[in-house]
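**Q** If you want the building blocks of each chain, they are given just below.
Number of protein chains: 2
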Amino acid sequence: MSGAATTELDGCVVHPDLEQERKKCSFKILDFTYALYGPENFAILTKLRTALSRNPAFDLRYLWAIDGSTQQYVRACWLAEEVVKVIRQLKLIDQDAAIGPLQVLAGEDMFVMLHLTMFLPTLKNMCDDEQARYWVPLAEDFRIIGTYCQTELAHGSNVAGLETTADFDEKTDEWVLNTPSLQATKWWPGGLGKSCTHCVCMARLRIHNKDYGVHPFILQVRDLNTHESLPGITLFHLGKKLGYNSMDNGGAQFRNVRIPRRNLLMRYCHVDRQGNYRTLGNKKMMYGTMTFTRKQIIMAAGPHLAKSAVIAIRYSAVRRQFPIKMRDSGNQENGNNAEAQVLDYSTQQLTLFPILAASVAYTMTGIWMDAFYNTFIEEAKKGDFSKLEEIHAVTSCLKATITLAVADGIEKCRKACGGHGYLLASGIPIQFVNFVPVATYEGDRVVLSLQTARVLMKIVQRKMMNKSPNPAMMGSTLEYIWNFDPFEDQHAFTVDDGIWSDPERILEAFKKRACVLVYKAAQQFASETSNGATVMEAMDVLKVEFTRLTVAHAHVLILRLFLEGINRLEPSAIRDVWVDLWFCLALAWCDEYFGDFVITRAFGPDHHDGIMVALKAILRKIRPNAVAIADAFWIPDQLLNSALGRYDGRVYEALLNSTKLEPLNRTDVPPGYLEHIQYILHPDRRKRASPLHCKL
Amino acid sequence: MSGAATTELDGCVVHPDLEQERKKCSFKILDFTYALYGPENFAILTKLRTALSRNPAFDLRYLWAIDGSTQQYVRACWLAEEVVKVIRQLKLIDQDAAIGPLQVLAGEDMFVMLHLTMFLPTLKNMCDDEQARYWVPLAEDFRIIGTYCQTELAHGSNVAGLETTADFDEKTDEWVLNTPSLQATKWWPGGLGKSCTHCVCMARLRIHNKDYGVHPFILQVRDLNTHESLPGITLFHLGKKLGYNSMDNGGAQFRNVRIPRRNLLMRYCHVDRQGNYRTLGNKKMMYGTMTFTRKQIIMAAGPHLAKSAVIAIRYSAVRRQFPIKMRDSGNQENGNNAEAQVLDYSTQQLTLFPILAASVAYTMTGIWMDAFYNTFIEEAKKGDFSKLEEIHAVTSCLKATITLAVADGIEKCRKACGGHGYLLASGIPIQFVNFVPVATYEGDRVVLSLQTARVLMKIVQRKMMNKSPNPAMMGSTLEYIWNFDPFEDQHAFTVDDGIWSDPERILEAFKKRACVLVYKAAQQFASETSNGATVMEAMDVLKVEFTRLTVAHAHVLILRLFLEGINRLEPSAIRDVWVDLWFCLALAWCDEYFGDFVITRAFGPDHHDGIMVALKAILRKIRPNAVAIADAFWIPDQLLNSALGRYDGRVYEALLNSTKLEPLNRTDVPPGYLEHIQYILHPDRRKRASPLHCKL
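Protein chains in written order, with my numbering: chain U, 1 to 696; chain F, 1 to 696.
Take these hints with a grain of salt, some might be off.
Straight-line alpha carbon distances no greater than 25 Å define the calculated SDA-like cross-link-like pairs of lysine to any residue that follow [unchecked claim]:
1) F:621 <-> U:487
2) U:91 <-> F:621
3) U:687 <-> F:528
4) U:24 <-> F:616
5) F:85 <-> U:671
6) U:621 <-> F:527
7) U:616 <-> F:91
8) U:621 <-> U:33
9) F:616 <-> U:85
10) U:616 <-> F:548
11) F:687 <-> U:225
12) U:616 <-> F:528
13) F:91 <-> U:54
14) U:91 <-> F:682
15) U:660 <-> F:231
16) F:616 <-> U:616
17) F:458 <-> U:463
18) U:687 <-> F:91
19) F:660 <-> U:91
20) F:387 <-> F:548
21) U:412 <-> F:441
22) F:687 <-> U:54
23) U:463 <-> U:495
24) F:687 <-> U:277
25) U:85 <-> F:103
26) U:687 <-> F:541
27) U:660 <-> F:228
28) U:85 <-> F:671
Derived by calculation from the structure, the hints in this document are not laboratory data.
Note that the structure is predicted; figures quoted are calculated from it, not measured.
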């Protein structure tokens with residue numbers, strides 16, 4: 001009814017609704033992009049977009065057509081080969097800042113990504129200098145392909161419980177690796193099933209029957225010439241997963257696999273020819289790979305969420321439903337009979353705009369996280385580990401909170417696209433199924449909340465014991481917890497209507513919420529232990545509270561970083577839009593976690609009305625800029641891989657075209673008819689038919 | 001470490017942890033089952049389990065092995081053939097009460113399910129007597145296979161906006177069907193792509209250029225002998241979806257397709273040979289198929305959620321993580337070195353037990369819904385439509401609330417299984433991807449919340465105008481809204497510690513929350529319209545509030561029905577467990593929606609602590625019964641389709657076995673090696689190799 005101009009197929013005319021949306025926005029789109037990513041990342045993105053955009057390997061529409069996991073794996077190997085070519089051509093191998101964006105732009109994870117983000121960094125971190133000189137160039141040049149092999153079938157988060165053994169054989173100067181039980185089968189490492197030639201394998205180091213705990217060993221698993229698995233090593237593919245099926249997550253069992261003594265990675269410990277064991281440096285750095293990986297996850301989360309947000313926003317501007325004339329309609333010129341743009345509906349705005357705002361906020365958080373991590377590493381190299389606790393708390397709480405929020409946000413975007421969001425051609429399902437495991441791997445919310453809560457409660461405990469603050473904490477992301485006074489601050493935060501237009505005061509409310517939750521948990525913890533509970537038991541009783549205070553602390557961090565980003569901008573149209581987005585995100589969280597805010601007396605029960613009025617006003621304010629903000633993420637169509645999120649908005653043509661890729665559309669009468677359907681309709685045919693019945 | 005007894009593969013010995021769990025439960029498992037489903041449904045289930053359990057078509061493990069959508073579709077056709085055989089053998093075709101359970105037990109939806117749950121009921125409802133005599137036996141005997149063809153590419157929820165036309169040609173006494181635009185392409189009907197021979201097609205009825213709006217026509221789409229699509233009809237498969245890929249959702253375009261005048265279904269309207277149009281009976285019943293389908297969805301939701309809950313609970317009893325000695329441990333005999341059962345962790349309990357309780361509550365709600373619907377239909381047949389408004393409100397609010405909660409609950413169960421939950425072999429991903437579209441189709445939460453809010457606000461408006469209550473409302477599920485006094489009840493609900501052990505008082509708090517949200521929305525609505533907003537605009541401004549009051553109203557209904565179920569039981573061990581589950585669900589909702597409760601003054605900010613203390617106590621009380629409650633859903637292993645949720649708890653053996661089904665494990669060196677990986681490792685080989693490079 002609304003779309004006379006959109007009926008030609010394969011045209012390149014932009015849908016008039018989107019054209020209109022882009023005309024009316026208040027800012028220059030590419031200025032937003034540049035401000036968001038910053039000059040360095042913007043330059044990297046520009047370079048990568050050019051390198052990737054004409055390469056058919058990076059066109060993910062094949063996912064709509066692919067018929068089976070074998071085909072998908074072969075396709076992933078092709079993508080891997082092309083990724084390696086790009087890295088070799090652009091000489092990106094030691095540019096850490098480029099690997100993250102490359103991974104997001106490639107759109108699909110496969111073995112070579114784990115080689116880059118886990119295997120290679122682990123070698124760099126865990127090898128001693130001599131080992132590094134041998135292994136790192138091999139890995140950097142892809143003459144070996146590796147993965148990180150830690151999790152076992154029955155042992156995940158509890159790393160200390162791993163069972164795989166590495167016994168020192170003094171006679172041959174070798175380690176002998178074994179899988180002592182079914183439960184000890186290595187399970188999950190990406191690429192281990194079929195693709196990798198090597199791995200860093202975590203195993204219990206034992207010398208003369210003494211167990212020194214879990215240590216990293218470099219282990220070759222496949223022949224470099226034939227790619228066959230090596231003797232004593234059984235490798236297999238784990239089978240199909242909810243998503244992420246381009247990655248061959250694998251399993252392994254070892255039977256008396258012998259590797260040289262020097263295959264133990266010896267940066268943080270050393271074993272000599274006689275089997276003498278000694279530790280070197282700060283042993284906490286041995287788990288550095290996990291902190292690094294969490295940092296990488298946090299960096300990628302915002303751009304991942306943005307993909308789904310862009311799809312849902314553009315589609316909602318083109319999709320029309322119910323003939324309702326709206327006051328703030330995007331398209332005033334439509335007559336009374338035209339259906340309204342779905343983006344004009346308040347529920348759609350409340351669903352999508354906070355996700356759009358969060359995509360911006362998480363992207364900024366990720367960029368800060370990267371810089372903060374790099375500073376920490378620089379300091380650590382100089383022997384300064386004072387930020388170790390903070391980096392642990394920050395990566396844990398942000399990883400736990402943001403990954404869950406992103407998974408949830410992607411699924412909300414999918415539902416916001418109605419039925420069409422369920423088609424792979426919408427581009428969102430693949431985002432969801434590929435991203436959702438990130439919320440589980442490298443520490444799920446419970447495990448990471450424990451880590452976060454431990455650090456935060458220590459601050460309270462120190463304060464309660466009237467000690468002076470840890471100097472490393474002053475000026476850090478943790479300082480506000482120390483500064484909070486639980487005794488003077490018992491009464492409700494003074495709230496008047498002015499607060500809803502004052503970011504600093506809203507941020508204070510978020511801080512109060514986080515602080516009270518932390519102090520309350522510390523109090524309950526003390527009361528549990530003084531009632532005779534062991535520390536372990538008290539920790540378990542309070543786990544629920546820990547997960548909540550972790551989210552509250554993460555919100556403070558994210559909103560603070562976003563606000564700092566805004567304050568760095570000169571007054572401008574971009575700055576105004578960022579302020580709107582900040583309010584949108586903060587107020588949406590005030591609403592969503594309102595229970596938290598009243599429990600902690602940051603708000604009283606009456607303040608919810610004010611939140612909703614302010615929130616609805618900000619949604620209407622964002623509305624005319626929504627499509628332009630989506631555009632500003634600067635994601636090319638090819639990588640969005642979406643019939644609904646196309647830049648030109650020609651969604652219905654694209655959906656119809658997408659069906660041409662479906663293998664079942666190759667014939668009118670489907671393969672199931674002759675084998676089965678005809679016998680439902682004509683049971684008598686079964687009696688006289690030859691046995692065509694095929695059991696799969 | 002804990003599993004010496006579990007290392008034999010393919011054994012049938014139950015894991016000692018599960019054996020222990022079953023020993024210590026407080027009730028007889030099958031008594032629970034019988035009380036839950038009721039005598040009639042229990043009998044049907046028994047019959048169906050026997051018929052299905054030895055039939056390999058119903059073994060869903062093939063999903064772990066299947067390589068591509070074509071294979072999956074052929075497999076679905078086989079399943080369909082077997083379902084039809086069961087229906088024919090057990091003569092179930094006119095036993096509506098058996099079709100729902102059959103659908104749940106079959107585990108996979110495919111075209112024949114839509115034939116049973118949408119096509120056939122529509123024929124029964126929409127045909128006049130003569131038409132019914134012709135069409136119903138054909139459909140009941142599967143001599144035709146049909147679907148319900150309504151949604152178009154650009155038109156979903158707004159049925160009145162459908163564009164497909166059916167023009168009356170008086171000369172030939174025929175309707176001429178056309179697809180006037182790309183946007184009018186029929187899109188989504190299950191089975192329409194490849195499987196169906198017929199459909200009920202919704203199209204604009206036009207006579208002599210006058211448009212009478214959307215009406216149902218029966219339309220043959222494929223040849224009954226060859227299965228080829230008929231002239232003028234273009235049929236196609238929509239392509240791959242997030243899940244539900246055994247169903248061939250399809251699209252259709254019509255060009256001058258001619259069908260006899262009597263193919264208009266004429267129960268509620270009539271068109272004669274001269275083209276005179278008249279309506280018959282209550283036209284609201286024309287949309288009866290949608291109400292019926294929502295009822296069916298509500299009935300199936302509890303059993304669907306139960307599948308994932310059972311898997312997560314059993315796995316959490318077998319999975320061990322971190323060596324923590326717990327006070328309330330399920331396995332006292334373990335030494336200090338053994339890792340704890342994950343089910344002992346408070347976060348795991350808080351995640352899973354409310355889902356277990358909700359599975360029970362939704363199952364009971366579904367059984368009530370079915371009975372209530374059947375009563376309504378009986379009355380309607382006698383011309384009594386007084387419950388029409390209530391049935392509309394009830395089906396709308398329960399469908400919206402429960403489907404979202406179930407989709408969310410399934411995903412929570414999956415995450416609660418850690419990494420392994422991500423494997424298809426865990427059985428949960430297929431539950432999630434297959435169930436999640438149910439939250440969108442047949443009305444999403446926004447559309448249905450509008451329907452619910454309209455009915456609820458009418459009650460308030462009537463009351464505010466000092467009218468007497470509608471007699472049909474008295475004694476109904478809506479009466480409590482009428483009985484609420486917004487003026488006398490301004491102050492906080494009196495809460496003391498006694499409330500947490502008194503279901504009636506907790507239910508009062510839920511009622512207060514719902515009522516205040518409804519009255520507040522009605523007030524805001526009146527204020528918007530008196531400020532000059534149109535009804536449509538005011539509706540949109542309040543949509544956010546509508547979605548929330550709909551959930552609140554649904555919670556009252558669900559908790560009330562569950563409580564009535566409890567009160568029907570004699571004092572017994574089962575009754576005690578049900579009471580625990582009731583508290584668990586109610587308190588978990590009090591916590592989750594605490595913001596709602598304080599905003600509406602049902603609780604004050606101080607009451608959250610009491611909720612958490614009571615909730616944690618009830619979780620510990622449920623803990624020893626958790627596995628037995630899961631067992632009581634009486635879902636056979638074959639239909640759970642889960643390596644993690646097996647009755648015998650031998651999860652690690654089952655996981656390892658599941659990898660044998662993966663096609664990529666047929667060879668050691670994978671197909672991607674020769675084509676791509678070797679050139680990453682040895683780029684020089686590319687130069688001298690023959691062109692093996694294969695682009696998909």
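**Q** The structure should be examined with respect to each hint, and the outcome stated for every one.
**A** Status of the hints after comparison with the structure:
Between residue 621 of chain F and residue 487 of chain U the alpha-carbon distance is near 36 Å, which puts this suggested pair outside the 25 Å criterion. Only pairs whose Cα atoms come within 25 Å are accepted, and residue 91 of chain U paired with residue 621 of chain F is rejected, the gap being roughly 61 Å. About 69 Å separates the Cα atoms of residue 687 of chain U and residue 528 of chain F, which puts this hinted pair outside 25 Å; it is violated. Under the criterion of a C-alpha separation no larger than 25 Å, the hint pairing residue 24 of chain U with residue 616 of chain F is inconsistent with the structure, at around 53 Å.
Taking the CA atoms of residue 85 of chain F and residue 671 of chain U, the gap is near 20 Å; set against the 25 Å cutoff, the hint holds. For the proposed pair residue 621 of chain U and residue 527 of chain F, the alpha carbon gap of about 22 Å is at most 25 Å, so the pair holds. Taking the CA atoms of residue 616 of chain U and residue 91 of chain F, the gap is about 56 Å. The hint is violated against a cut of 25 Å. Among the hinted pairs, residue 621 of chain U with residue 33 of chain U is consistent with the structure: their alpha-carbon atoms are about 20 Å apart, no more than 25 Å.
For the proposed pair residue 616 of chain F and residue 85 of chain U, the alpha carbon gap of about 56 Å is over 25 Å, so the pair is violated. Proximity of residue 616 of chain U to residue 548 of chain F is assessed by CA-CA distance (about 15 Å); at most 25 Å being required, the pair is judged to hold. Between residue 687 of chain F and residue 225 of chain U the alpha-carbon distance is near 17 Å, which keeps this suggested pair within the 25 Å criterion. Using a Cα cut-off of 25 Å, the hinted pair residue 616 of chain U and residue 528 of chain F holds, with the two alpha carbons roughly 14 Å apart.
For the hint linking residue 91 of chain F to residue 54 of chain U, the alpha-carbon distance of about 60 Å lies beyond 25 Å, and the restraint is violated. For the given pair, residue 91 of chain U sits about 18 Å from residue 682 of chain F by alpha-carbon distance, which is consistent with the 25 Å threshold. Between residue 660 of chain U and residue 231 of chain F, the direct Cα distance comes to roughly 20 Å. Compliance with the 25 Å bound is thereby established for this hinted pair. Between residue 616 of chain F and residue 616 of chain U the alpha-carbon distance is near 36 Å, which puts this suggested pair outside the 25 Å criterion.
Using a Cα cut-off of 25 Å, the hinted pair residue 458 of chain F and residue 463 of chain U is violated, with the two alpha carbons roughly 57 Å apart. The hinted pair formed by residue 687 of chain U and residue 91 of chain F meets the criterion: a straight-line CA distance of about 21 Å does not exceed 25 Å. With a C-alpha separation of about 40 Å, the suggested pairing of residue 660 of chain F with residue 91 of chain U is violated against the 25 Å cut-off. For the hint pairing residue 387 of chain F with residue 548 of chain F, the CA-to-CA distance comes to about 24 Å; that is within 25 Å, so the pair holds.
At most 25 Å may separate the alpha-carbon atoms for a hinted pair to count; residue 412 of chain U and residue 441 of chain F meet this at roughly 15 Å. A distance of roughly 23 Å separates the Cα atoms of residue 687 of chain F and residue 54 of chain U; the hinted pair therefore holds under the 25 Å criterion. The suggested pairing of residue 463 of chain U with residue 495 of chain U is violated, with an alpha-carbon distance near 28 Å, which exceeds 25 Å. Pair hint residue 687 of chain F plus residue 277 of chain U does not hold up; C-alpha atoms about 48 Å apart against a cutoff of 25 Å.
Simply put, residue 85 of chain U and residue 103 of chain F have alpha-carbon atoms about 50 Å apart, too far for the 25 Å limit, and the pair is violated. Restraint check for residue 687 of chain U and residue 541 of chain F: the C-alpha separation of about 63 Å exceeds 25 Å, so the hint is violated. Taking the CA atoms of residue 660 of chain U and residue 228 of chain F, the gap is near 18 Å; set against the 25 Å cutoff, the hint holds. Straight-line distance between C-alpha atoms of residue 85 of chain U and residue 671 of chain F comes to about 20 Å, which keeps the hinted pair within the 25 Å bound.
Of the numbered hints stated above, those contradicted by the structure are hints 1, 2, 3, 4, 7, 9, 13, 16, 17, 19, 23, 24, 25 and 26, listed in ascending order.
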